[in-house]
Amino acid sequence: MAQTRKDELLDHDADGIQEYDNSLPRWWLYMFYFTIVLSVGYMIYYHLTGTDRSMIAEYNAQLQEAALLKKANAGNSAPKALPTSPLTDAASLAKGQEVFESVNSLCSTCHRNDLGGQVGPNLTDEYWIHGCDLPTIMNNITTGFPEKGMLPYGSTNKLTDEQLLQVASYILSKKGSNPPDPKPIEAEREVKCGDEDDEHHAGEDDDEGKEGH
Amino acid sequence: MANSHLERFEYDNSIVRNFSVATVIWGIVGFLVGIIIALKLVYPSFLGFIPELSYGRLRPLHTNAVIFAFAGNVMFAGIYYSLQRLCKARMFSDVLSKIHFWGWQTIIVSAALTLPFGFTTSKEYAELEWPIDIAIALIWVAFGVNMLGTIWKRREKHMYVAIWFYIATFLTVALLHIVNSFELPVSFLKSYSFYAGVQDALVQWWYGHNAVAFFLTTPFLGLMYYFIPKIAERPVYSYKLSIIHFWALIFLYIWAGPHHLLYTALPDWAQSLGTVFSVMLIAPSWGGMINGLLTLRGAWDKVREEPALKFLVVAITAYGMSTFEGPMMSFKEINALTHYTDYIIGHVHLGALAWNGGVGFAVLYFMFPRMYRTQLFSKKLANTHFWIATLGIMFYAIPMYWGGIMQSLMWKEFTADGVLRYANFLETVTQLIPMYALRAFGGTLYLVGSLIGAYNLYKTAKSGSLVRNEEAYAAPAQQKAEPTHAEGWHRVLERMPLRFSVWVVVAVIIGGVVEFVPTWLVKSNIPNITAVKPYTPLEIEGRDIYIREGCVGCHSQMIRPFRSETERYGEYSKAGEFVYDHPFLWGSKRTGPDLHRIGGKYPDSWHYMHMKDPQSTAPGSIMPAYPWMYEKSLDYSHLEGKIITLRKLGVPYTEGFEKLAEADAKAQAEKIAQNLNSSKFDITADKEIVALIAYLQRLGTDIKAKPTAEQ
Chain A
1 MAQTRKDELL DHDADGIQEY DNSLPRWWLY MFYFTIVLSV GYMIYYHLTG
51 TDRSMIAEYN AQLQEAALLK KANAGNSAPK ALPTSPLTDA ASLAKGQEVF
101 ESVNSLCSTC HRNDLGGQVG PNLTDEYWIH GCDLPTIMNN ITTGFPEKGM
151 LPYGSTNKLT DEQLLQVASY ILSKKGSNPP DPKPIEAERE VKCGDEDDEH
201 HAGEDDDEGK EGH
Chain B
1001 MANSHLERFE YDNSIVRNFS VATVIWGIVG FLVGIIIALK LVYPSFLGFI
1051 PELSYGRLRP LHTNAVIFAF AGNVMFAGIY YSLQRLCKAR MFSDVLSKIH
1101 FWGWQTIIVS AALTLPFGFT TSKEYAELEW PIDIAIALIW VAFGVNMLGT
1151 IWKRREKHMY VAIWFYIATF LTVALLHIVN SFELPVSFLK SYSFYAGVQD
1201 ALVQWWYGHN AVAFFLTTPF LGLMYYFIPK IAERPVYSYK LSIIHFWALI
1251 FLYIWAGPHH LLYTALPDWA QSLGTVFSVM LIAPSWGGMI NGLLTLRGAW
1301 DKVREEPALK FLVVAITAYG MSTFEGPMMS FKEINALTHY TDYIIGHVHL
1351 GALAWNGGVG FAVLYFMFPR MYRTQLFSKK LANTHFWIAT LGIMFYAIPM
1401 YWGGIMQSLM WKEFTADGVL RYANFLETVT QLIPMYALRA FGGTLYLVGS
1451 LIGAYNLYKT AKSGSLVRNE EAYAAPAQQK AEPTHAEGWH RVLERMPLRF
1501 SVWVVVAVII GGVVEFVPTW LVKSNIPNIT AVKPYTPLEI EGRDIYIREG
1551 CVGCHSQMIR PFRSETERYG EYSKAGEFVY DHPFLWGSKR TGPDLHRIGG
1601 KYPDSWHYMH MKDPQSTAPG SIMPAYPWMY EKSLDYSHLE GKIITLRKLG
1651 VPYTEGFEKL AEADAKAQAE KIAQNLNSSK FDITADKEIV ALIAYLQRLG
1701 TDIKAKPTAE Q
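Line by line, the protein sequences give chains A and B.
Mapping to the numbering used here: the first sequence position 30 is 30, numbers consecutive.
The numbering used here runs 1000 ahead of the 1-based position in the second sequence.
No more than 30 Å apart at the CA atoms, straight line, and that leaves these computed lysine-lysine pairs for DSSO-like:
(1) B:LYS1648 to B:LYS1533
(2) A:LYS148 to B:LYS1666
(3) B:LYS1240 to A:LYS6
No wet-lab data here; the hints were simulated from the structure.
As the structure is a prediction and not an experimental result, all values here were calculated from the model.
Kindly generate the complete structure, drawing on both the sequences and the hints.
This is how it looks when you write it as structure tokens:
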């Protein structure tokens, strides 16, 4: 270590402890100066240049970037045509049931193992809140209803397209199974599903989950 | 000194022994509670679901025990030992020493008797309720008077660098504690913070950060400056460095609190001050490390021989690492990654276990043989303690660092389609469980090491006998020769404790004032939001249950303006939303998800099931169940007082509302209970869970646009 003076003792004595008169280590001093200059520069850069570099500006930039990315992606992938008729074979339905009850997909924690509903609605009756045909159900599973606590599953995320079809088919297969003690019908829906006009078509209702009927 | 007349006096070793024994006992208790809560994150049902042993209530007990009982007692032990010797004087007053010792232990016991029972202010490391806060202030002043009195009657002309650090510790902690503990009592063990929301957060982290600085750093640097040269028998490397790094450290530290609040609703300028003052702290912090390590030049053979020096070397190295890591995490980009994660838990444990624990055990190993006039019972056992402790620290810190970064990256990951890859928060938690298990193992190793240390110290004490009053001789200060050459300005200052103390206060007060005053006075720092209304009486009760159960220990209420957070939780949190939050509940760690926009997200029934058995709604969750909230009836007896207290603090409840509050609460509870009953849940309106649901359903909803009418 390059010091101007090296290890000269001062005439200090504190309970036998002595002290050297060594200078501040150069690298230490330069590091201190560097952090001070850096700090001044930091404050100027973020607050005094006239450009808005606040955290909210940063956030808005993130949103913009995401929106651009989404637009670019939307051009690339045509909406997938979803099947319109459910699977009915026992093997597929068993697989669908497996998905429904599995810990990872969490359907049963809100809709119960027998689909009678608890936190989420009863899935076995005819009073559907968000539509009851196969493509609609598949879409709703995909996008979820995050504001109601249902996370997005489905092809983009947790489930493969095949599993998605299986679980949706399984749900439809339980229609009319009349589980004991079902969740009462929600006030939001008094009309039986299918009795009304609004038709749901595959690929058209991307925003379904966001409307919060 | 041959020409001077020597005075005979005695060092008080009994008080040092008392604080040392207390250190060992509370240390073991504190570590044990730490292991219990670490295990609860691996096995949520460990020890069952007993209110007094639940995670949320034990966590503050753990942090308080380790900081104020373990580190506090060892700090006092080391100060009482070194201060007397550096001043060549007995402590100012034996009575004050005793008051300090027994008062401090009583405070610790009262913490153990209140925190597990849910009496907490919820402000981190300042959880104790107002009567205990007052007791802390009084006992702290007793300590300070005793210390300053000893300095006053010293037989040395100059105050050694260790004493500078002790003075800074006393003065600043007094200031921090008193300002942060401003609260208005509702009842004997319930109070509301004087400050609300953003201001409360700023004061709290000014306190929290500087508790680390002036309770866990400056006194331990002081101890380092005494014990390293003593054990190594080497001169301190650089007196100049001592001066510069001392003043720079205490001046800069106080500003850095806002780095705990980056990307929160705190104004940007205050956040940036937190960043840059943290960065400028690297060199002053490292000054202490350099002076410690370079003092050991030429004494490294002693490190091989002397277990106490081994502890000190690891302690100083860990101090250097932590004080580099801290400033790095104060940069926005890095903070965005590490904040709210277990990385922070790793960081603070490196500091607590290696730095505070290392210095602490070194001091104990040095003092015991001297106080008992004997040899250390077993060097081999002390070395074993050292290696087990070091291994324990690694098993603790590495999984926490790794897990913290891993979880943070999962929180932020988007798929190509622009949706969160781990939309279910729980998926990011279950990945951490192996890390939590390793951490519990690391903590256990550290405890085992401490038990070995305790045994070794006990046997050492048994092999000698305590020299309660150690004889010493020194000339009175005024009889010592005047220096032959002119003294530097600082050398002069070292002879003037009063002037020195004044300068310390000046140095530590500037940063706080510059950050607080504008936040209070300049309206634009906390823009008003008219939609934000005070909580209903039932929601206040629910909020107090949330505070009581320590929910804030795992759940934040502060959504940062990141796309990954607004996608997951909803609109980012605004300063104006917290103006009625006495205290603020932003939290500092997300073991569970943020709750600021939880209101209205799930039906009441979801919360009902979730709190009763979290695994029913979230299989694999490590959240504990709260069965007692379904049995205990709400206690409205303080509701009237709560409304009045909050009104005094500026929450606009109309005059006379306190008389209607109970009826209002009961009506709201009845509605929620009916809603739950309609979902086939058997609950009555008088149960605590109903109030908690009311509070959760209110959270973050004020600024949400009214939902569009049903089609």
